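Residue numbers (this note's numbering), protein chains in the order written: chain A, 1 to 175; chain B, 1 to 151.
Hints are computed from structural coordinates only; laboratory data are not their basis. Because the structure is a prediction, the values reported are computed rather than measured. The beta-carbon is built from N, C-alpha and C at its ideal position, and this holds for glycine as well. Some clues are possibly wrong.
Unchecked claim - In silico contact screen, one side only, chain A against chain B (beta carbon under 7 Å); selected entries: (1) W48; (2) A110; (3) A158; (4) L164.
Said to hold, decoys possible - One-sided and incomplete, this derived list gives chain A residues near chain B with beta-carbon spacing under 10 Å: (5) H56; (6) G59; (7) R64; (8) P66; (9) I148; (10) E151; (11) F152; (12) R160; (13) G161; (14) E162.
Stated by the list, open to error - BS3-like cross-link-like pairs, simulated, lysine-lysine; straight-line CA separation at most 30 Å: (15) B/K29 / A/K165; (16) B/K26 / B/K130; (17) B/K26 / A/K165; (18) B/K147 / B/K29; (19) A/K61 / A/K165; (20) A/K132 / A/K70; (21) B/K26 / B/K96; (22) A/K28 / A/K70; (23) B/K123 / A/K165.
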Amino acid sequence: MKRTARRILLDLDGTRATATLYDEFAPKTCEAAWNILPVTGRAIHANWSGREIMLHLEGEKVLRLPQEMKVRSNFVTEGDITYFYRASQMSRGKQLAYSAQFQRELSEFAIFYGSPAGEGLSAYDPARTPYKEGVHVLNKFATLDRPIPEEFRLKCEALRGEGLKPLTVSRYSEG
Amino acid sequence: MLAARLNLRLGGAEAVVELAERDAPKTSKLLLSLLPVEERARHAMESGREVYVVLGESVDIPEENQTIYQTVGDVLMYYKPSVFIEPGWPEYANEKPVLSWVYERDTAIMGTYGPLATNVVGKIARGLDKLQAEAPRMRREGFGTMKLSRL
C-alpha cells in the first residue's frame, strides 16, 4: 500500500506554509531531514540564487548526506526545497553574514519561495559543479504546497531588507 | 590629474571612492551630476557580494568602460533586471538603473541569462574593510541607507 506523502510545516516569524516531501525521488534525504525535525534557526536570504531563503543546520542537526540525484541546469524552480552541503574551504571570500558553523562547513535547507529561483551566479559558477560527495551535495527533497501563501512569500522577501527572521521546520499532519 | 573623490556611506561605515574619470568620462560626469545620491541600500540576490541603490527612471547610463569581470572594490553603474529588485513590479519595467559596489571576490554581476556587462565608474580607495563588515551586518540586521556625495 502506498504511504501517504509526508509533509512538513515551515513557520517563518509566525507566517506559515506547508510542503510535501519527495519520498520516492529522494528517499535518503527525506528520511534524514525528517529525523532531525523540528529544526529552528534564523533564516537568511540568498545572495546568489534568487528568491531563496536558507536555514543553516548547526550542532547535532548538521547533515552530511550523499548526492542522491543528477543535477542539471534549471534544477530548482519556485517552490522547491533542497538540502545543500558544502565542505569547509569551499566557500570563497569572507562569510561574515553567516554563523561560525557556516564558515566551517555549510549544511542547510534552502527554500525557493519565488521566481527567479536558482538562477544568477549559482547557475553559472563552475566551482559549484559537478556535485561531488563530501564536497558539494544538492538534493531536492520537498516542494511547497500550492498555492504558496502570499503572506509567506512576502515574509521571505522581507528578509532581504529586514535581516534574519526565525524559522522553524517541523513535521506536519492535518487534524 | 587627481581623480575626483567621493564619500560613500553605508549605515555606520564610511569609505572613499575614486572616480574613473579617464576610463569612464561620460559615466563619471553622469554620476557627479546625480550627487548626492541617498537611497535605501539593497543587497544582490543573484550576483553575490554586491550592494546597490536604484537610481531614478530618467537616468540614462552610456555604455562605457564595461566588463563582466567585476572585482572587489569596483563601483558600478548599469541596468539591473527588475525581477532581481522587486517581485511585484510590472512586466514593462524590465530593468532599472543602479549604482553599486562589490565588496567580496565571490561576485559576478548577473543578468537574467548570464553575466552582465557593467560600467566601472570608480574604485573604493579607502574604507573597504569598513564596508566589508557593514554589509554583512546589514544582511543580518536589516539594511539602512547608502549615501554617495562629493568629498
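Subject >> Hints violated by the structure (numbers, ascending) >> reply: 2, 3, 5, 6, 7, 8, 9, 10, 11, 15, 17, 23
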